[in-house]
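J.: Here are the chains, one letter per residue:
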Amino acid sequence: MSYRLNYLEELEAEAVFVLREAFAQFEHPCILFSGGKDSIVVTHLAAKAFAPGPIPFSLLHIDTGHNFPETMQFRDELAARLNVRLVVGKVEDSIQRQTVQEESGPNANRNRAQSITLLESMESFRFDAAIGGGRRDEEKARAKERFFSHRDAFGQWDPKNQGPEIWHLFNGRKNEGEQFRVFPISNWTELDVWEYIQKENISLPSLYFSHQRPCVKRKDTILAQSSFLVPHDTDELRDLHVRFRTIGDMTISGAMISSSTTVSEIIAELKEMNQSERGNRADDFRSESSMEDRKKEGYF
Amino acid sequence: MTETKDIIRFTTAGSVDDGKSTLIGRLLYDCHQIPQDQIDLVRRISERKGSSEIDLSLFTDGLKDERAQGITIDVAYRYFTTEKRKFIIADTPGHLQYTRNMVTGASTANAALILIDARKGVVEQTRRHSFIASLLQIKHLIVCVNKMDLVEFSKEAFDQIVSTFQDFSAKLAIVDVQFIPVSALNGDNIVHRSENMPWYQGATLLHTLEHISVANELNHIDFRFPVQHPIRLDNELVQDYRAYAGKLESGIVRVGDEVIVLPGNQASKIKSIMGMNGPQEEAFAPQSISLELTAELDISRGNMLVKPNNQPEEVRQLSAMICWMSSQAYIPGRKYILRHTTNEVKAMIKSILYVYDMESLKRDEEQTALQTNDIARVSLQLAGPIYIDEYRKNKATGSFILMDEQSNQTVAVGMIS
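Top line first, the protein sequences correspond to chains H and R.
Residue 1 is where the first sequence starts when you use the working numbering, and the numbers rise one by one after that.
Residue 1 is where the second sequence starts when you use the working numbering, and the numbers rise one by one after that.
None of these hints come from the bench; they were simulated from the model.
Positions of the beta carbon are idealized from the N, C-alpha and C atoms, including for glycine.
One or more of the hints may lead you astray.
Unchecked claim - Short, incomplete list of chain R residues facing chain H, as computed with Cβ under 10 Å:
id, residue
1, Asn-101
2, Ala-245
3, Met-276
4, Arg-339
5, Leu-353
6, Lys-362
7, Ser-399
8, Asp-404
9, Val-413
To be verified - Covered stretches of chain H (chain R as the covering partner; in silico rule of three or more C-beta atoms under 8 Å from a C-beta of chain R):
id, region
10, 10-18
11, 171-179
Looking at chain H on its own, in the form it has when it is part of the complex (with noise of 0.2 Å):
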């Protein structure tokens, strides 16, 4: 035994720590799943955290309506097979209350609302830490997160004032009404997380790999054709063999054109491809600092 630990070892060994301070420090923490392969990936780590036993956390989804009819499918397979308790808060429910309206214009969606869905989906379900597979090489607000991240009443993030972190000694204390976000795999590049599929044969939704559905081409985007978007005059229609990079919903995930069909594929394309992963979704282009924007109002 040469008592070394490669890589993906080390990483995976940090983020089972993390889930396991998560369960220690908090009284009712739950997995934000959204169907995407990161929080996969935390869903896994979660279960070989606390194995032989269950995972002791529920997935909390936020709905938007808009899914891809895959990404739901794949999400109720999977906690079936898990045994983990299911709980969804729906975009919907908050258009209902009118505590969220609905975005009206050309590029209309749902991705803002979600952060005050998310918030009252926490607040009655009544949990206090919410873990996450948001990493920090995805986007330059997220470069600065912390593992335990402090949330204030209102779901805000205040990135000029986070307390430090140090160590592995992660400080989880709030007030009532407070909670965390808990990032486990903060330290994982795109390409780790898809070695990490690769190595532990993780079972994803298929629209990650290769396939062809119809497709909505509007500038230097694909998206996928649904119900749900607005057309614009411009929009090409295209039947088109495409596979999808991250997943949000049907609104805002961009398709790449790919051939890949296999984990390895995906793998052998990252190494090859020089674009951004989320180079292609709407919901980080609205401006320079979106993603920092929507964070400090509560989004993950």
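Fit chain R to the known structure of chain H by using the hints.
T.: Below, chain R alone, put in the same frame as chain H:
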């Protein structure tokens, strides 16, 4: 390569305008770690600002307020990977008021990269950053003498800085110091060897980072296992399972090993080790595992498993070097919660022995107040026992944080010595 590729964590520190952002940007750019769409974006911004060259510092640009002020406020983490290693950079701001950020960035680092402007030489901030790196027991220091293009790539200028630095660093507890003359702006000696400095025979920055040995930093001698939480199960599949989850902070443990539980000194043996891929015969730091014992003991979060013949020291008071992190000054007599590994105990500062003057790095024994960014030696009184090693021997069992009971903030971090 995947099987043996390891991780090295390093922190970067420099003064204002010594080109730290440019250096990191250059490192990522020359390692082809920046996606094309970001390069295009930065090129457009550079052109808008009237520059024909791409401004590499923009790649590490952060939050809105930082862009407005043109400075870095908080530690930012960045990643890149080569065939040999995965790199995690804790990019810390260099301003005086942000000492606490450098302490944070340095806490998990294997190496510290210190930048010196070749025109200015060793300045106060250089001394301060090196001092903090030494305090946090970083074993490797890489001193990049930057902007060599502005001193005509002069060997004399470089040698002068090396000599000044060595004079003062001799007093620091840093094992390995390497000096590299670079120009981040032009890429000299960052990833590619410089043709402008044939007199320099050493390695480039990337080569140096790829070859620093971090293996010997892991302590595989002293078995320390702080319990995060118990795992109890009794169902159809698993009967009467009772194990303790935690990360092996140091040492090695095998099935059958005798262990004792602190506090209480109850003895038992390791019955099973549950690893990430099922049961295993032995485990080593820094693996996350669950340990099952042969005896039924009452063990909870905050307890520590150790071996009978190799134990940490039990203390109820201790002397430590602390960095005051809170924006509020220390209020004498106030009680705090001290977190040490997974254990928590109430604590108060009994006395402040001295505070470092961060300008001169001399001890000020007259000072009795603690302000943000102060580094001080204090003695602490604890409400119960904790089990410690010296920080220089074991970072995990030699460190702690102080949390304010009312505001819940982490107000100070400490190293036991």
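J.: Does each hint hold? Answer for all of them.
T.: Verification of the supplied hints:
1. Asn-101: holds (8 Å)
2. Ala-245: holds (5 Å)
3. Met-276: holds (5 Å)
4. Arg-339: The hint holds - Arg-339(R) has a Cβ within 10 Å of chain H, the shortest such distance being about 5 Å.
5. Leu-353: violated (22 Å)
6. Lys-362: violated (25 Å)
7. Ser-399: holds (5 Å)
8. Asp-404: Nearest chain H Cβ about 9 Å off; hint holds.
9. Val-413: Because about 5 Å separates Val-413(R) from the closest Cβ in chain H, which is inside the 10 Å limit, the hint holds.
10. 10-18: Coverage by chain R holds here, the residue count being 7 at a Cβ distance below 8 Å.
11. 171-179: With 4 residues closer than 8 Å to chain R, the region 171-179 of chain H meets the three-residue bar; holds.
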